[in-house]
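All chains, full assembly: derive it from the sequences and hints.
Mapped onto the UniProt record's numbering, the consecutive letters of the sequence shown carry residue numbers 1 to 252.
Hints may contain errors.
Here are the computed distance ranges between Cβ atoms for each label pair [what the hints assert, rightly or not]:
no., residue 1, residue 2, range
1, 145, 105, 37 to 45 Å
2, 68, 162, 25 to 33 Å
3, 205, 139, 21 to 29 Å
4, 164, 203, 51 to 59 Å
5, 208, 53, 42 to 50 Å
6, 82, 139, 29 to 37 Å
7, 107, 169, 21 to 29 Å
8, 127, 7, 16 to 24 Å
9, 51, 13, 36 to 44 Å
10, 15, 169, 31 to 39 Å
For lysine-lysine, the following DSS-like pairs were computed, each having C-alpha atoms within a straight-line distance of at most 25 Å [as the list claims (entries may be wrong)]:
no., residue 1, residue 2
11, 80, 206
12, 81, 206
13, 81, 212
14, 212, 76
It is worth saying that the hints were derived from the structure and are not from the lab.
Glycine is no exception: its CB is placed at the ideal position from the N, C-alpha and C atoms.
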Amino acid sequence: MGRAQMLWRDWLSEPQFYQVTLLYGCARLVANLSNIYMPIYLQETIHAKQELIAVVPLVMSLSSVGASFLLRALRKAVGKKASVVVGIVIGLVACTISALPWMPLWGVFSVAILWGVSGSLLVIISLAFTADLIGQNTDTSAFVYGSMSFGDKIVNGIAVLVIQELTRFGCTGTNCSTYFRHVMSLGIFVPLMLAFIAICLLGNQKLGRTRKMNQVVPLEQGEPSGNTSSSNSSELLLATGTNLGYGSITKA
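What follows is the structure, given as structure tokens:
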């Protein structure tokens, strides 16, 4: 069976490429925004002590590492696509807790763990989706990973720029407690919903089964090619008792 190799320009007309790119970009956005704005959220909204501002990001990082070890069992239990939904739900719970006007100490650590787990699950699984999308098309894997990474950096940079520019409207004087509460809740809620849309668009599609592959119709086993002058390998099969003479085929 022949396999259609994807050229770099073929990916630009492949819907799965954009769907996985959307999922990967949203996963990175959730992980990066939660890591960037958690210390600011603790300082401006929670008014936490300096020691807590240093410890909570460490808790997020450790929970991310822990989630990566649990991911294999989760994937075996519910599958990769359902694991994305689990990561989104965990992120939504973190958004809800972050939106509360008052938070005890245990709530701060709970949010840190939830953000770490959610971001880790989404990023790792989206990378696995990217590998599934590429499949056997390893010749163009650099283009796929490079373009997704480039898009991720652009989107994250724009998101941080917009959030920082909106502080002039969201902050009351030097008081930014409500604004950064909204950033950690509504601000991260948006990429979580976009990630959910991306996984819904993927649906039951088989990743890596691209349009170009679907256009190649393999021959059924034993089906004649329809071209008698073809140099198909089946024409070289010899009947029993056939001897190869020097420069000709003769019967035994």
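Verification of the hints:
1. The beta-carbon spacing between residue 145 and residue 105, approximately 41 Å, falls within the hinted interval of 37 to 45 Å.
2. The beta-carbon spacing between residue 68 and residue 162, approximately 30 Å, falls within the hinted interval of 25 to 33 Å.
3. As the Cβ distance of residue 205 to residue 139 is approximately 22 Å, the hint placing it in 21 to 29 Å holds.
4. Hint check: residue 164 to residue 203, Cβ distance near 36 Å, so the stated range 51 to 59 Å is violated.
5. For residue 208 and residue 53, the hinted distance range of 42 to 50 Å is satisfied, since their beta carbons lie about 44 Å from each other.
6. The given range of 29 to 37 Å is respected by residue 82 and residue 139, whose C-beta atoms sit roughly 32 Å from each other.
7. For residue 107 and residue 169, the hinted distance range of 21 to 29 Å is satisfied, since their beta carbons lie about 28 Å from each other.
8. Checked against the hint of 16 to 24 Å, the pair residue 127 and residue 7 passes, with Cβ atoms roughly 23 Å apart.
9. Separation of residue 51 from residue 13 is about 53 Å and departs from the stated range, judged on CB atoms against 36 to 44 Å.
10. Checked against the given bound of 31 to 39 Å, the beta carbons of residue 15 and residue 169, roughly 37 Å apart, stay inside it.
11. Restraint check for residue 80 and residue 206: satisfied, since their Cα atoms lie roughly 12 Å apart, inside the 25 Å limit.
12. For the hint pairing residue 81 with residue 206, the CA-to-CA distance comes to about 11 Å; that is within 25 Å, so the pair holds.
13. Between residue 81 and residue 212 the alpha-carbon distance is near 24 Å, which keeps this suggested pair within the 25 Å criterion.
14. Proposed proximity of residue 212 and residue 76 is contradicted: the alpha carbons are some 30 Å apart, above 25 Å.
In this structure, the hints that do not hold are numbers 4, 9 and 14, in rising order.
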